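Trainee: Model the placement of chain B on the given structure of chain A, informed by the hints.
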Amino acid sequence: GIQVEQSPPDLILQEGANSTLRCNFSDSVNNLQWFHQNPWGQLINLFYIPSGTKQNGRLSATTVATERYSLLYISSSQTTDSGVYFCAPEPNYGQNFVFGPGTRLSVLP
Amino acid sequence: ETGVTQSPTHLIKTRGQQVTLRCSSQSGHNTVSWYQQALGQGPQFIFQYYREEENGRGNFPPRFSGLQFPNYSSELNVNALELDDSALYLCASSPASKETQYFGPGTRLLVL
Chain A
1 GIQVEQSPPD LILQEGANST LRCNFSDSVN NLQWFHQNPW GQLINLFYIP SGTKQNGRLS
61 ATTVATERYS LLYISSSQTT DSGVYFCAPE PNYGQNFVFG PGTRLSVLP
Chain B
1001 ETGVTQSPTH LIKTRGQQVT LRCSSQSGHN TVSWYQQALG QGPQFIFQYY REEENGRGNF
1061 PPRFSGLQFP NYSSELNVNA LELDDSALYL CASSPASKET QYFGPGTRLL VL
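Sequence order for the protein chains is A and B. Per this note's numbering, residue 1 is the first one in the first sequence, and the count goes up by one each step. Per this note's numbering, residue 1001 is the first one in the second sequence, and the count goes up by one each step.
Extracted from the complex, chain A is given alone in its bound form (with noise of 0.2 Å):
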């Protein structure tokens, strides 16, 4: 089955800091989405990005299937970011996302 690989797999930020987290996977993708999960366990949407751009507030990701990689980007970071990130790509062959190990996010005040 694809392999999804997060980097990196821990990060520490100071607030204000800008960051960019990477995905990459093994095989063609018909869809991706990114979701932060909080500390209470809840997994939050971020984007539903197979290819392109898309942008949201503070944060922005680049999916570049072709490539098999996809960049989530998180500018001025506050304490509230802080979480376990999580990429889910679907693979063309399955009904399923398949998730990443994570990037685990702490911002300090």
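There could be a bad hint or two in this list.
[To be verified] Here are the computed distance ranges between Cβ atoms for each label pair:
1. B:Ala-1080 / A:Thr-20: 43 to 49 Å
2. B:Thr-1020 / A:Leu-108: 40 to 46 Å
3. B:Pro-1070 / A:Asn-18: 46 to 52 Å
4. A:Asn-45 / B:Gln-1041: 16 to 22 Å
[Claimed, not checked] Partner residues are not named here, just some residues of chain A that face chain B (Cβ under 7 Å, in silico):
5. Gly-41
6. Gln-42
7. Leu-43
8. Tyr-48
9. Phe-86
10. Asn-96
11. Gly-100
12. Pro-101
13. Gly-102
Just so you know, these hints were derived from the structure itself, not from any lab. None of these values were measured; they are calculated from a predicted model. All C-beta atoms, glycine included, are put in the ideal place defined by N, C-alpha and C.
Mentor: Using the frame of chain A, we list chain B on its own:
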């Protein structure tokens, strides 16, 4: 418009018992997917239901079974519980089988 809800929020069972977890999908959504998330890992796909039929299954044994009702709510049943079944169980609904998924708050299951 109500979001995805799950019940119960927490559950403690003993090895060998059976458990049923429930999920109410978001209004207008006909697809429900279930995931298991072990501590420190990403969610793993269990199965998906689309219009009351199973529409894909992950690498989970048959003792994990499900159901979707005409109102598109869903149940996850696990028989013969094992210690490794301890996890956060997440339900996600979507307007169709290959659309954005919206997750509920999860059910934390502890098997002793």
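Trainee: All the hints need checking, so say for each whether the structure fits it.
Mentor: Going through the hints against the structure:
1. Separated by about 45 Å at the C-beta atoms, Ala-1080 (chain B) and Thr-20 (chain A) satisfy the suggested range of 43 to 49 Å.
2. Roughly 42 Å separates the CB atoms of Thr-1020 (chain B) and Leu-108 (chain A), a value that falls within the hinted 40 to 46 Å.
3. Distance hint check: the CB atoms of Pro-1070 (chain B) and Asn-18 (chain A) are about 48 Å apart, consistent with the given range 46 to 52 Å.
4. Range check, Asn-45 (chain A) to Gln-1041 (chain B): Cβ separation about 20 Å, and the 16 to 22 Å hint holds.
5. Proximity of Gly-41 (chain A) to chain B holds as hinted, the smallest CB-CB distance being about 5 Å (cut-off 7 Å).
6. With its C-beta approaching chain B no nearer than about 5 Å, Gln-42 (chain A) sits inside the 7 Å limit, and its interface hint holds.
7. A distance limit of 7 Å between C-beta atoms decides the matter here; for Leu-43 (chain A) the minimum to chain B is near 4 Å, and the interface restraint holds.
8. A hinted interface residue such as Tyr-48 (chain A) counts as satisfied when its beta carbon comes closer than 7 Å to some beta carbon of chain B; here the least separation is about 4 Å, so the hint holds.
9. The criterion of a C-beta within 7 Å of any C-beta in chain B is met by Phe-86 (chain A), whose closest approach is roughly 5 Å, and the hint holds.
10. At about 4 Å, the closest approach between the beta carbon of Asn-96 (chain A) and any beta carbon in chain B falls short of 7 Å, and the interface hint on this residue holds.
11. Look at Gly-100 (chain A): its Cβ gets to within about 6 Å of chain B, closer than 7 Å, so that hint holds up.
12. For Pro-101 (chain A), the interface hint holds, the least distance from its beta-carbon to any beta-carbon of chain B being 5 Å, beneath 7 Å.
13. Checking Gly-102 (chain A) against chain B by beta carbon gives a least distance of about 5 Å; that is within 7 Å, so the hint holds.
In terms of the numbered hints stated before, the structure departs from none.
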